[in-house]
Amino acid sequence: MRPRLLSLIRRTSSTIRQDVDAELQFHIDARTDALVRDGLTRDEARSRALREFGDLEDARAYIRRVDTAIEQQRRRRDSMSELRQDIAYGFRTLRRAPTFTLTAILTIALGVGANTAIFSVVHGIVFKPLPFPQPEQLVKVWSANPTAGSMQVTVSAVDLDDWRAQRTQLADIGGWWYADGGSGIDFTGSGDPQRLSVAFISPGFFPTLGVQPALGRLPREDEMIRGGNDRVAVLSHGFWQSRFGSQRNIVDSTITLGGAPYRILGVMKPEMRFPSDRVELWIPFSTIPDNATPRIRPVRIMDVMARLKPGATLAQARQDLNAITQRLAATYQENTNWGAATVMPLADAITGDVRRGLVALLAAVGFVLLMACVNVASLLLARSTIREREVALRLSLGATPGRIVRQMLTESVLLSLIGGAVGVAGATFGSRALVTMASGQLPRTSEVQLDGTVLLFAVIASLVTGVLFGLAPALRARGTDLQASLREAGRGLVSRSGQRLRTGLVVSEVALAVVLIVGAGLMTRSFIQLLGVDLGFRPDKLLAVNFTINTSRHTGQAHRLVYREMIDRVRTVPGLVAVGAVKHAPFRGNGERISFVPDGLTLGGGDQAPTAPLFHISDGYFATIGARMIEGREYTVQDGAMSSPTPGAPPVFSGTPSLIVNQALAEEHFPGTSAVGKTLRLGQTRIPIIGVVNNIRQTSVEEPVQPAMYINNMMNSRVGVTLVARTRGEPLAMANAVRDAIWSVDREQTITSISTFDQFVGEAVARPRLLTILLGLFGTLGLVLGAVGLYGVLSYLVSSRQREIGVRIALGAPRGAVLGMVVRRGLLMTAAGTAVGLVVAFALTRYLRDVLFGVEPTDPMTYALVVVSMLAVAGIASAIPARRAATVDPAIAFRSE
Amino acid sequence: MNRDAMELLQGTLDVLILRTLAWQPMHGYAVSRWIRERTEGTIEIEDAPLYKALHRLERAGCVSAEWGVSENNRRARYYRLTATGRRRLREEESAWRRYAAAVFRVLEPA
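Protein chains in written order, with my numbering: chain A, 1204 to 2100; chain B, 2 to 111.
Just chain B, with the same shape it has in the complex:
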């Protein structure tokens, strides 16, 4: 997948973050690693938009943040999915699945 195609898909960053946080509360670095590992490097994600999205989601009430202590004993900001965030994730997930299915139906050889 080339870079131009990636730009189009950036809107899905929110749903990836919400999905990631649905497992457990984690800090920004962990979210970043988790997504990279899950996509096995297919999607190249920069961290700057990831952090922007995290704070944007906090403002929208989808996640809440609080300071905690990381694995290596440092102060880290932990994000937790809120009830609003969970609802948002469900909506986005199903929308995304419908979208992806539609794209696949076009791409599948007849």
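This is chain A alone, in the form it adopts within the complex:
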């Protein structure tokens, strides 16, 4: 077909110009000749021809433009058809080498899949903006006590009101009190009684977030006045669906919460999950009575956020709040040391703790992808040597080197896209699994999904991967020396440059693997340290049942009797070893922080008394959880004795108040002496210490234990109870029996949660565990990929040098020497890679410092172990091809090709 052939010839702009000129010249000449034949003189003929033609220059310019457009059109069409050809050719080539193709696709799927899964998590938690209008204007605010070095303390509701009234740079400011499993309310009246999870909010809460309800309205300011009689609630979308079947007429109806009627004002949109996914109701903080949470400045329990005025900066907000806190510090004696506020972007505050770990994961998984790239590149490289003949043939048939490179890149991008698609399919499961493994210890997990951004990431990752691993072999193909490769390909010689490139790939791969294993090793050692921490109690076989005694049904002192009765009844349940109770179980709250004055401490004018959390416990609590008394004794039933002051009157607490302190408090305030028998002044009362208990990790496994005080719940009663039972067998198997014992005292008692101390500890270490598992996984992957890469290159080397090895053996080289030669080569490459890797790891792991516990990022032990394991694995990976080399039949040397 002639036109098709023609299109192979590229017309440049100068050839177009020449062609147009020639065509027009031909016309003028032909016409002139004809007119001369008719009898005109040549000059007359020429000018007549030109006249007949019309505007020659205009035509010339027009034709050039059209021809240029034709040429462009043709080039576009050609390159499209070339691409189609390349893709079809690529598919054929890949199908012809199924083992290679499958290996490459799986390797890429692994790399891209792991990256997509991790990215989806990091994107949802760290990168995605908060789901509120202008989220960049939102900041988190804390009270700060610079003297005590406490810079991020929750805020007093009283202070918050003043902040809101005096603010100048903030559009609004609002607070909430929410504690997972702690801030709740009993929901009765329709079906089974249920404990609802509530966020108690200040008037500024919703306006600061800038959210609107899906149904109904938000509470008005006048419905949130302290001491007011308005009981209103807003439902979460999830709770509305599950409990009220999405009925729209729920708005303005009344439900019974904590024994009182509450009007439902509205339902929030599904995406409103602040401050937690678990919130079922938002209720004004004003509904909490003063006798439950005193409205005094030292009671600092609210989380606070604010919205900057449009155009206001973080620094201005900081200035504003610091000015206000300083004024309050000057005015109110109890605020003397609290003349500062800490302000940071809300997004940072939410993801702050986990950001480092997640970014470390993203980096690690990126390394895995790089290693996958290197492995596939080295596979392709091995193949490209085999394919050198094919390339040479195509070159000699007239294909341009550029065309060959493009064809090879098309092939590798094809591979990477197929691998990427498989990887994304795997990532959908992976990212769910990650979120599950985090056991609720990651914020914003509801935002984790494979959305457009994540898919875009996967596509880009695949494309970049394809180009990256395809580039080296493709460029090498371009440099193919026609003569040499046609000659060499027959003889199975390895070109020097190919060998160097492969060695370089293996070295860099080993280096990447070493960095990954160092990270995994450090994290694992850190996690082992973490698990080895003495918690101060034995978490195994401990059942924890959390509930709140209802004071509207058990009025006056009655709730104390209920508490007593419940513990006594549970103690009769067979199968339990010991039973006690505490308001805040370890990792489930940090007591009530109050100030105290120990014996011998005199406070000067501006001095603040030391503070420590106070925990409300029952008799026998320490024995139950397996804590040890260092000195003195723990509470007995007698310490909580109640009796009627006059016959017939309701009984009241009739024992002597006393305290138990932990070792940290005893050592800090009574160093070198016995704390038992000393007193602490709480408020105006001096209370004697009757015992010292060992340090119990209460807030986290990592942080050292701070001073703490314990008081008998019969002396100073709280209605929030975590009943703790040590069981003979599996703790959760006892759950029903324990619950029935509680219900035998009060059938309407709602149970907030039933869990085990092992779960508490598990959740407390969930984040480091997740990080350890994932880094460990990536480290293992790195080791395997590195070993496979090394193995591949050495096997290739052995098989391509079979003749040479055969000759050596034929000439009398001992087989051991041949084996040693190959292994030495493998170990040499590994050593080089390890050296590079150690340097890189040394530079990078310091970013892990924040997530490591009890291990330095430069831990020599870890580094030594990594070097040993890398060399061991490399040795094994080299031994297999080395054995093959040693068994080469020397006859091969004499065989003809």
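Incorrect hints may have been included.
[Unchecked claim] To spell it out: a stretch of chain B is covered by chain A in this simulated footprint if at least three of its residues, at any positions, have a beta carbon under 8 Å from a beta carbon of chain A; those stretches are:
(1) 41–49
(2) 53–60
(3) 84–92
(4) 100–110
It should be emphasised that the hints constitute simulated quantities derived from the structure, not laboratory data.
In this text, a Cβ means the ideal position worked out from N, Cα and C, and glycines have one as well.
Using the hints provided, position chain B relative to the given structure of chain A.
Then chain B, alone, in the frame of chain A:
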């Protein structure tokens, strides 16, 4: 026919070119002569729009062009009607015939 009337009819240049090339492939000069001879000078055609139209038709895929050797042994650009061009010619021809017939029906004395 005066010049103004000619302007209106210029749109028909394409169909004249396609019709001409339907006989055989030829170069631009031959197309020009062929049309002039066929119309016996009734329609005055300038060559500039003719060449423009040829290249325009090439771009539209109605004709293809390649270099060949002319009767007097010179390099000349030969145009050949493509399948697309043939289809286009059929369409334009019938449209043109219907148009001309309609004009004649008006001009015929009743």
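Tested hints:
1. 41–49: holds (count 3)
2. 53–60: holds (count 5)
3. 84–92: It is violated: at least three residues are needed, and the region 84–92 of chain B offers just 0 whose Cβ sits closer than 8 Å to chain A.
4. 100–110: violated (count 0)
In terms of the numbered hints stated before, the structure departs from hints 3, 4, listed from lowest to highest.
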